[in-house]
Amino acid sequence: GAVVSQHPSRVICKSGTSVKIECRSLDFQATTMFWYRQFPKKSLMLMATSNEGSKATYEQGVEKDKFLINHASLTLSTLTVTSAHPEDSSFYICSASPGTGGTGPAEWMYQETQYFGPGTRLLVL
Amino acid sequence: QKEVEQDPGPLSVPEGAIVSLNCTYSNSAFQYFMWYRQYSRKGPELLMYTYSSGNKEDGRFTAQVDKSSKYISLFIRDSQPSDSATYLCAMKDSGYSTLTFGKGTMLLVSP
Chain L
831 GAVVSQHPSR
841 VICKSGTSVK
851 IECRSLDFQA
861 TTMFWYRQFP
871 KKSLMLMATS
881 NEGSKATYEQ
891 GVEKDKFLIN
901 HASLTLSTLT
911 VTSAHPEDSS
921 FYICSASPGT
931 GGTGPAEWMY
941 QETQYFGPGT
951 RLLVL
Chain S
10 QKEVEQDPGP
20 LSVPEGAIVS
30 LNCTYSNSAF
40 QYFMWYRQYS
50 RKGPELLMYT
60 YSSGNKEDGR
70 FTAQVDKSSK
80 YISLFIRDSQ
90 PSDSATYLCA
100 MKDSGYSTLT
110 FGKGTMLLVS
120 P
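As you go down the protein sequences, you meet chains L and S in turn.
Per the numbering used here, residue 831 is the first one in the first sequence, and the count goes up by one each step.
Per the numbering used here, residue 10 is the first one in the second sequence, and the count goes up by one each step.
Just so you know, the hints here were simulated from the structure itself, not pulled from any lab data.
There may be inaccurate statements among the hints.
Said to hold, decoys possible - To give an idea of the interface, some chain L residues facing chain S are shown, with a C-beta separation under 7 angstroms as derived from the structure:
no., residue
1, Thr861
2, Thr862
3, Ser873
4, Met875
5, Ile923
6, Glu942
7, Thr943
8, Phe946
9, Gly947
10, Pro948
11, Gly949
We put the CB at the ideal spot given by N, CA and C, even for glycine.
Construct the entire structure; sequences and hints are all you get.
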């Protein structure tokens with residue numbers, strides 16, 4: 831259970847083009863989704879948090895006009911890298927937190943976790 | 010002082026060894042503690058999650074949380090080459106939805 835998919839897994843594009851990455855929770859509803867960026871041999875860097883139906887909250891230093899995030903449904907969030915440049919080349923990973931559900935401590939803990947997608951490798955030439 | 014400290018390694022052990030991975034933290038408000046495993050070029054995979062202090066066991070993995078010392082551990086028994094990966098600790102309090110990650114420890118288990 832708690833499977834998150836990302837598409838595409840890898841994309842190569844020319845400088846100046848826009849790239850859209852999809853993140854889907856396959857077997858649960860995710861009221862909150864997160865987008866991370868990871869450089870080689872570095873830890874995860876949170877870019878933004880999005881709640882279904884609301885505008886995303888961006889971390890300090892992340893350009894919201896460059897990294898457009900849409901969370902239109904409880905199972906889908908998209909990240910669009912607009913006018914991509916070589917410095918945007920990176921590994922982008924989404925994660926999803928389950929929505930409300932059930933009662934009792936087990937379900938309560940389940941809500942507090944994040945489940946990650948497999949990541950999308952972006953290379954901008 | 011960083012919120013979460015984790016030794017980056019690499020930690021090299023022979024197959025069958027018991028592995029101990031640790032994180033320390035400074036924010037006493039953290040209540041939820043998780044361990045993720047990340048293979049190269051893959052997304053992190055949730056291994057263990059615990060709430061507050063105590064131990065939790067799942068197969069070869071045991072997670073320990075000592076809130077009084079602000080210290081969490083992950084033990085791997087009978088380590089296998091397939092356990093070679095980067096292990097990230099993560100934690101959060103109940104008031105915010107974001108996780109605070111350690112930088113990850115690279116584990117190498119040799120056959």
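Notebook entry, point to check: Of the numbered hints stated previously, which ones are contradicted by the structure, given in increasing order?
Noted result: 1, 4
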